[in-house]
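Line by line, the protein sequences are chains A and B. Using the numbering used here, read the first sequence as starting at 1 and increasing by one per residue. Using the numbering used here, read the second sequence as starting at 1 and increasing by one per residue.
Read the hints as simulated data drawn from the structure, not as lab findings. Since this is a predicted model, take the numbers as computed values, not measurements. From the three backbone atoms N, C-alpha and C, an ideal C-beta is built for every residue, glycine too. It is possible that some hints are incorrect.
To be verified - Some but not every residue of chain B turned toward chain A, in silico, with C-beta under 7 Å:
#1 Pro40
#2 Glu42
#3 Pro44
#4 Gly60
#5 Phe104
#6 Gly107
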Amino acid sequence: DTGVSQDPRHKITKRGQNVTFRCDPISEHNRLYWYRQTLGQGPEFLTYFQNEAQLEKSRLLSDRFSAERPKGSFSTLEIQRTEQGDSAMYLCASSAPGQGYEQYFGPGTRLTVT
Amino acid sequence: DQQVKQNSPSLSVQEGRISILNCDYTNSMFDYFLWYKKYPAEGPTFLISISSIKDKNEDGRFTVFLNKSAKHLSLHIVPSQPGDSAVYFCAASALGGGADGLTFGKGTHLIIQP
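All chains, please: the whole structure from these sequences, using the hints.
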């Protein structure tokens with residue numbers, strides 16, 4: 001069990017550029033979640049997958065954000081036309097069948113938009 | 001509106017003494033509560049959880065108490081150790097089976113003094 005991994009760990013981009021982050025969940029976990037955390041706040045839920053199906057999206061997930069989990073394994077989160085307000089830590093978590101409440105988090109990707 | 005509130009941004013406790021972290025919630029639909037611990041530059045780590053049908057759950061040095069009528073829960077750490085210094089997040093879930101994102105508080109920074 002290698003835990004949840006995220007790539008890259010840090011990303012600096014210029015306003016208006018597109019960025020994509022990757023998350024690899026714990027191998028037997030069928031549920032995958034994306035969160036965003038800004039300074040002084042707790043993580044805020046963005047979206048959730050069960051296998052390859054995206055089942056829930058927060059109102060925080062604007063049209064510029066899209067997430068995929070094509071084969072029910074890894075997931076990508078893309079932000080188009082980045083804005084300075086998108087600067088945050090993007091966290092991925094996964095959970096196992098029958099253990100739905102406990103979510104296990106990756107180290108996060110820190111995005112800085114200049 | 002903040003559905004999960006941690007009103008103490010920081011707490012300082014002497015090594016060996018009891019640390020008590022508090023959390024209040026407003027949403028009556030929450031049926032499962034979790035505590036996470038976070039070190040700088042790492043993702044949150046799951047600590048302990050409690051179902052709304054219980055009022056206490058214990059795991060080693062960590063005990064979580066739930067008072068449903070007051071919509072209040074607390075995390076007790078005894079005895080406190082230097083490695084416990086971290087930010088602690090209270091989180092809640094409103095749907096059974098983990099089919100939703102967690103709602104987090106803003107966190108309490110626990111500092112254990114030698």
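The hints, checked one at a time:
Hint on B/Pro40 is violated. Least Cβ distance to chain A is approximately 11 Å, over the 7 Å limit. With a least beta-carbon distance of about 6 Å to chain A, the hint placing B/Glu42 at the interface is held under the 7 Å criterion. Residue-level restraint check for B/Pro44 holds (minimum Cβ-Cβ distance to chain A is 5 Å; threshold 7 Å). The interface hint given for B/Gly60 is violated, since its Cβ lies 16 Å from the closest Cβ of chain A, which is over the 7 Å cut-off.
The criterion of a C-beta within 7 Å of any C-beta in chain A is met by B/Phe104, whose closest approach is roughly 3 Å, and the hint holds. Checking B/Gly107 against chain A: minimum C-beta separation of about 6 Å stays under 7 Å; hint holds.
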